[in-house]
Amino acid sequence: MKIRAIRIANCGRFREPVAVEGFSGGLDVLIAPNEAGKSTLFEAARLALTQKRTSNSNEIRSLQPYGGGAPLVEIELDVAGERWRLRKRFLADRSAELTSLSGSHRWRGADAETALERLLGAAGGQGRLDLLWLEQGALLDDARQPAAESLDLVRSVIAAEVTSAAGGDRVRRIRGAVARQLGEYVSEKRDSKRGRYLAAETAARRAAEDLAAVRRKLAELEAQLEQLAALELRAAEISDPAVASARRQRLGAAEAALRQAHEDIAGRDAARATAAEARARHEKAAEALRSFDRALDELARLTTRSLEMADETGRLAAAMTVADAERAAAADRAKASVEALEQAGAVLARARASIQWRELSDRVQRARTAASRRAELVRAMPRHRIDVATVTEARRLAGGIAEATARLEAQSAVVVVTYAAGAEGRIRAAGEAVGHGTRLSVTSPLALDIEGVGRMTIEPGLAGDRARLAAELAGHQERLARLLGAAGVETVAALERREVEAREVAACLKETEAELKAVAPRGVEPLEAALVEAEQALGEAGAADAARVDLHVLDAEVVRLRLAAQAAEQQARAVEEAWARLSRDEAGCHARAAEIAARLTALASTLPSESERELRVRELRATADETSRLLDEALRALSAWELRAVDAGAHAKLQAEVVAAREAIDQAAREAAVLAAERSRLEGGLAMASQEDVTSRAAELEVEAERSASLLGDLAGEVAALRLLDAELAAEEARVRDQYLAPVTRRLDPFLRLVFPEGGLCLDAGYGPQALVRAGLSEDVSRLSDGTREQIAILVRLALGRLLAEQGLDVPLILDDALVYSDDARIAAMHRALEQGAEAHQVIVLTCRARSFAGLGGTRVSFRPWLPASSSPDLVPA
Amino acid sequence: MGIAFVHTADWQLGKPFARFDPDVAARLAAARLDAIDRVAGVAVAAGIGLVLVAGDVFDSERASDGLIRTALGRMDAYRMLVWHLLPGNHDPARPGGVWARLPGLGMPPNVMVHLAPAPAMLSVGCVLLPAPLAAKEMQTDPTLWMDSTPSPEGTLRIGLAHGSVQGFGSLGEAAVPIDAGRRRSAGLDYLALGDWHGTKEIASGVWYSGTPEPDSFADNGPGHALLVRLDGPGAPPVVEVVGTSAYRWLERRVVMSRLADLTPLEDEAQRLGPAAARHIVALALEGAISVGDSAALETRLAVLSARLMALDLDRRRLRMAMSPGDLALLGEAGPVEAVARRLAEKAAGAATAEARVAERALGMLFSYATPDLAEGAKP
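Line order of the protein sequences matches chains A and B.
For the first sequence, the numbering used here begins at 1 and goes up steadily by one.
For the second sequence, the numbering used here begins at 1 and goes up steadily by one.
Don't read these hints as lab results, they were simulated from the structure.
Incorrect hints may appear among the rest.
Pair by pair, the computed Cβ-Cβ distance ranges are [unchecked claim]:
| no. | chain 1 | residue 1 | chain 2 | residue 2 | range |
| --- | --- | --- | --- | --- | --- |
| 1 | B | R316 | A | R180 | 28 to 34 angstroms |
| 2 | B | E153 | A | A219 | 48 to 54 angstroms |
| 3 | A | A734 | B | R316 | 31 to 37 angstroms |
| 4 | A | D764 | B | E286 | 46 to 52 angstroms |
| 5 | B | E286 | A | R180 | 33 to 39 angstroms |
| 6 | B | G104 | A | A219 | 21 to 27 angstroms |
| 7 | B | Q166 | A | D666 | 47 to 53 angstroms |
| 8 | A | R180 | B | V255 | 35 to 41 angstroms |
| 9 | B | L250 | A | A672 | 54 to 60 angstroms |
| 10 | B | L250 | A | A734 | 26 to 32 angstroms |
| 11 | A | A672 | B | G66 | 32 to 38 angstroms |
The C-beta atom is built at its ideal place from N, Cα and C for all residues, glycine as well.
Given only the sequences and the hints, what does the whole structure look like? Please build it.
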C-alpha cells in the first residue's frame with residue numbers, strides 16, 4: 001500500500017480544505033512548522049482507513065473543529081497495483097466512497113467500507129497500520145514491543161516463511177496449562193507451596209506431630225506399666241518378713257554396741273579423772289620437796305653474800321678517808337687562785353678609771369667652748385627674721401611697681417627737654433634742673449619751672465586706664481613699704497642682704513649645736529658632774545698611779561690569773577665528784593648489806609631450826625615417793641580403759657549405724673507408703689487411659705502419617721515433573737522463538753549496521769528490542785538514552801516493514817516528528833536507513849525541523865489549499 | 001480317659017487396619033470379634049465344651065474397656081463352653097494391663113484367665129499347664145516350669161503357651177523363646193501354642209493354631225481353629241484343622257508390557273463373583289506401560305478395585321515408556337514432539353528419582369497434548 005495524496009476539510013484546525021499531494025510512494029518528507037497540522041492530517045487519514053463512517057468514537061469526535069462541522073477525509077492510495085480514492089465524511093454528514101481511479105470499481109456507504117476492509121484486510125489490515133503508522137511520541141512509548149494484533153500479523157507472516165518453527169502456539173498453550181497447574185501448587189513469585197501442596201505439607205506435618213504425640217503417649221503408658229511392675233516388685237521386697245526382721249535385728253545390734261561403747265567411755269573418763277588427781281597430788285608433793293631444797297640453798301647463798309658485803313663496807317670506809325683529805329686540799333688551791341685574780345682585777349680597774357677621768361676632762365673642756373660659741377651666735381642672729389618668702393614677695397612687688405610705672409608712662413605725655421644753646425639747666429622740675437635731652441613722663445601733674453619764663457604745669461590727662469594703673473601702682477608701693485618696714489630696711493636690696501646674713505648665722509649655729517651634742521649629749525652640766533665624780537673616785541694619788549700603769553701588761557696578768565683560777569676550780573670539782581661517787585658506793589654497800597641481812601632473817605624465820613631441817617627433808621621425800629606410786633597405778637588403770645573404750649570416730653560410726661538402721665526401717669515404711677501412693681496414681685492413670693484406644697489411634701496415625709507423607713511426596717513429584725515439563729517447554733519455546741525472530745533479525749541487521757556498525761540487537765518474543773550488544777557488552781534497552789531507543793525502534797520498524805513488503809504486504813512507515821533526540825552523526829545514519837527502507841516500501845516522514853532533515857533524500861511534499869469537489873451526488877449519506 | 005478341646009490363638013481383638021479406608025478397616029476389625037463366634041461354632045458343632053486360647057487375645061494391653069466388654073459378652077453368650085485365656089506378648093499379664101481390668105468389667109463365669117504359671121484342672125484326670133507372659137519380651141522360656149511340675153500318674157498334661165519355638169526358624173513375632181522339645185521334657189500330651197498366625201504343626205503334639213481371621217497378606221495358612229482330641233495319656237493327639245476366616249487376603253504380581261497383561265487378574269476377579277467382595281488383594285505392578293496406555297490402565301484398575309473389598313496397589317516398579325505409536329498421538333512433528341522425545345530420553349534407563357520425574361512429566365505432556373486420550377481408552 002502506498003499513499004499518494006491526503007485531503008481533509010473540517011478536521012481539527014483545518015476548517016478550510018487542505019491537501020498534501022504528490023507522494024512518491026518511496027521516501028516522502030513533509031516539512032512544516034509546529035502546529036501546521038501534520039499530525040492532524042495523518043490522524044484523519046488513519047481514521048478514514050480504520051474507522052467506520054458511523055463511528056462516534058472519541059478519536060472521531062476529536063477530529064471535529066471547535067466550530068463544528070463534519071470532518072471530511074479523502075485519500076488516494078495504491079493497493080494491489082491499482083490506485084484508489086477513499087472519501088469519508090464522519091459525524092453529521094457521514095458517508096463513505098471507495099473508487100478505483102481506473103474506473104473499474106466504485107462502492108458507497110457500507111459497501112465502500114466492506115470493500116476497503118477486504119482491500120486492506122487481505123494485507124493485515126489494522127494490525128499492519130498499527131505496526132508501522134506511528135504517531136508523535138509513539139516510538140518511545142512503544143519502543144519495546146509492538147501491539148498484540150501487530151504481533152499476530154508478524155507471526156503469521158513469519159510462519160509463512162519459517163515452516164520449521166510451526167507448533168509454537170501449541171507449546172505456548174501447553175506451557176500455559178502447565179503454569180496454571182504449577183500455580184495451584186506453588187506461588188510464582190516466592191516459590192512457596194500453596195493449595196493442595198501446602199495443605200498436604202501441613203497435613204503431613206500435623207500427622208507426624210500427632211503420631212509423635214501418640215507415640216509419646218504410648219511410650220508413657222508403656223513406661224507406666226513397667227513402672228507399675230517395678231513398684232509391685234519393690235513393694236514385695238519391702239514387705240518381705242525376712243527383710244523386715246533383718247532390718248530390726250540390725251537396729252538391735254547397733255543399739256547394743258552403742259550402749260557398750262558408752263559404758264566403756266564412762267569407765268575411761270573415770271580413770272582419766274583418777275589419774276589426773278594422782279598426778280596433781282604427786283606434783284604437789286614433789287614441789288614441796290623442791291621448794292624446801294630451794295629455801296635451804298637460798299639460805300646458804302645469802303649467808304655467804306652477807307660476809308662478802310661486810311668486807312666491801314670496810315674497804316669503802318678506808319677509801320672515803322683518803323678522799324676527804326684530797327677534797328679539802330683542792331678547795332684550798334682553788335680559793336688561793338681566786339684571791340690572786342681578784343687582786344689583779346682591782347689594779348686593772350683603777351687603771352681604767354684614771355683613763356676615763358682624762359677623757360672626761362677633755363670632753364668637759366670642749367663642751368664649754370661650744371656652749372660659749374652657741375651663745376655668741378644666738379646673740380648675733382638679726383632681730384627680725386628674714387626668710388626667703390619675704391624676699392621673694394618684696395621682689396614681686398618691686399617688679400609690679402616697675403611694670404605699672406612703665407605702663408603709666410606709656411599712656412602719659414612725655415616732655416623732652418631740649419635746650420637751646422646756652423640755656424642748659426634753666427628748666428627745673430620739682431626744683432631740680434632738668435638736663436638736655438631728658439625725657440619726662442607726665443604721669444602726674446608736672447610743673448616745669450623755666451628760669452626766666454615761669455612755671456609750666458603739664459596735666460597727665462584722663463586717657464586710657466591710667467586711673468586703674470595708678471591705683472595698682474599705689475597698691476604695690478604701699479604693700480612694699482609695709483614689707484620693708486617690718487624687716488627694718490628701706491630697700492629691697494637691703495632686705496636681700498639681711499636675708500643672706502641671717503642664713504649664714506643660722507648655719508654656723510647649727511654646726512656649733514651639733515658639736516655640743518656630740519661632746520655632751522645630755523648637756524654640759526651632767527658631764528661636769530661626772531668629771532667631779534671621777535676625780536673623787538680616783539683621788540689625787542690614784543690618779544697619779546694610774547697614769548703610770550701599763551694597761552696591756554695588767555690585762556695579760558689578769559688573763560693568766562683567770563686561767564689558773566679555772567684550772568684550780570676544775571681540779572676541785574673532779575675531786576668532789578670522785579668523793580661523791582665513793583660516798584654513794586659506801587651508802588649502796590650499806591643498803592645491800594642491810595637488805596641481805598633482812599632476807600636472811602626472813603628466810604630463817606620460815607625454816608625450822610637447823611637441827612630439824614634434815615628430818616623435814618626426809619619427810620617430804622617419802623611423801624613424794626608415795627604419790628608417785630599412786631600415780632603409776634592410776635595410769636596403768638587408765639591404759640586398760642583406753643584400750644577398751646572406742647575412739648570418737650568409732651563412736652560416731654556406731655551412732656551412725658544406729659541412725660542408719662532406724663532410717664532403714666523408717667525408709668522402708670516411707671517407701672512402702674510412697675509405693676502405695678504411686679501405685680494408686682499409676683493405676684488411676686492407666687484406668688483413665690483405658691478409656692481411649694491409644695493403640696488403635698497410634699496405628700491410625702501411623703497410616704495417616706504414611707499416607708500424608710506419601711501424598712506430599714506424590715505432590716512433590718508432580719511439582720518436580722511440572723517444573724521439568726515447563727523447563728523443557730520453555731527451552732523448546734525459546735528455540736521456536738529464535739526461529740521466528742530470525743527473519744526479522746536478518747532484515748534488521750543491514751539497518752542496524754548503518755547506525756550501530758559494531759552492534760547487535762536482541763529481540764524478545766514480541767519482537768520488542770531487548771538488549772543492544774556493543775563491544776561484547778549487553779545493554780538493556782530500557783537503560784539506553786531516549787535518542788538511541790528511538791533510533792532502535794525505527795530500525796526495528798524498518799525491518800518489520802521490509803518483512804511485510806517482501807511478503808507483498810507493504811504499508812507505509814509513517815514517522816511523525818521522529819528522531820528528535822538524535823545527534824548530527826546519528827541522524828545522518830538514520831537518514832541512510834530511511835532511504836534504504838524506502839526502497840522496499842513507502843516511508844513518510846513528518847517533521848518541523850527543516851535543517852536537521854535537509855540531508856534526507858526523498859520527495860518533499862507540502863500543504864496546499866484544496867477545493868473539494870462540490871458535494872458529489874455519488875456520496876450517499878449513511 | 002480322654003479329652004477334646006478347640007485350640008485357637010492370636011485373636012488380637014482391637015487390631016487396627018488403618019492402612020485401609022475406614023469402612024474396610026471397620027469391617028476387618030468386626031471380623032475379628034466375629035471370629036469368637038466362629039470358633040465357638042466349631043466347638044459347639046463338634047460337641048466340645050472347652051476352648052483353649054493360646055495368647056494374644058487382645059491386640060494391645062491398652063484395649064478399650066468397651067472392646068473388652070464386647071469380647072467377654074461374646075464368650076458369655078456360649079455358656080456351654082469354658083474359655084481358657086492366656087496372656088501373650090501383645091497382652092502380657094502386667095499390673096495395670098488388660099487382664100488387671102477384666103475383673104472390674106464383669107468377667108463371665110465360663111471364662112478362665114491364667115495369669116500365673118500354675119497347674120489348673122480342666123477335668124478329672126486332665127491338668128492344664130499354662131505359661132502366661134508377664135512382659136512383651138522374655139529371656140527365659142516360660143514353659144520351663146512345666147518340666148518340674150509333676151501331676152498324678154495317668155493324668156493328661158496339656159501345655160498352653162505363647163512364643164517363638166526355638167529351632168522353628170524365626171517363626172512368631174514374640175521375642176519369647178520356647179523349647180521345641182518341651183512336650184517331651186515336660187511329659188505333655190499336647191502343647192497348644194500361639195504367636196505364629198499360620199496353622200502349623202511344629203512337632204508331634206505341638207501345634208500353632210494360627211489366627212482364626214487373617215490379618216495380613218502373609219501366605220502361611222491363617223484362618224483356622226484346631227479341633228484336638230486326646231484319647232488318653234501318651235496317645236497321639238488327633239488334630240482337625242477347621243476353617244474360620246471371613247475374608248481372604250491375596251497377593252498378586254503382574255508384569256506389564258501392555259494393557260492386556262491385566263486381563264488374567266480381571267478374569268480371576270470375575271470368576272470369584274460376589275465372593276470377590278470378601279477379598280483383599282495386594283497387587284504389585286511391574287514392567288512398563290506405554291504413555292498412551294497409562295490413562296486406560298488407571299481406568300481398568302479403578303474398575304478392578306471396585307469389585308474387591310480392597311485393592312492395595314504397589315506400582316513402584318512399574319515404569320512408563322514412550323512408543324512410536326505414542327508419538328503419533330501427539331500429531332504432526334513439532335516442538336511438542338521434541339519435548340516428548342527429550343523427556344522420554346530422560347525417563348529411560350535406571351529408575352532414578354530424576355528418571356521418575358521425567359516419566360511423570362512425559363505423562364503430563366501427553367495428558368495436556370491429548371486431553372481426549374483417556375476418554376477414548378476403555379478396557
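Checked hints:
1. B:R316 x A:R180: 28 to 34 angstroms: holds, 29 angstroms
2. B:E153 x A:A219: 48 to 54 angstroms: Between B:E153 and A:A219, where Cβ atoms are some 50 angstroms apart, the hint holds.
3. A:A734 x B:R316: 31 to 37 angstroms: Since A:A734 and B:R316 have Cβ atoms about 35 angstroms apart, the given range 31 to 37 angstroms holds.
4. A:D764 x B:E286: 46 to 52 angstroms: Holds, since A:D764 and B:E286 (Cβ atoms, about 48 angstroms apart) stay within the stated range.
5. B:E286 x A:R180: 33 to 39 angstroms: holds, 34 angstroms
6. B:G104 x A:A219: 21 to 27 angstroms: holds, 25 angstroms
7. B:Q166 x A:D666: 47 to 53 angstroms: holds, 48 angstroms
8. A:R180 x B:V255: 35 to 41 angstroms: holds, 37 angstroms
9. B:L250 x A:A672: 54 to 60 angstroms: With Cβ atoms ~58 angstroms apart, the hint holds.
10. B:L250 x A:A734: 26 to 32 angstroms: Cβ of B:L250 to Cβ of A:A734: about 52 angstroms, so the range 26 to 32 angstroms is violated.
11. A:A672 x B:G66: 32 to 38 angstroms: Check passed, 35 angstroms falls within 32 to 38 angstroms.
Of the numbered hints stated above, the single one contradicted by the structure is hint 10.
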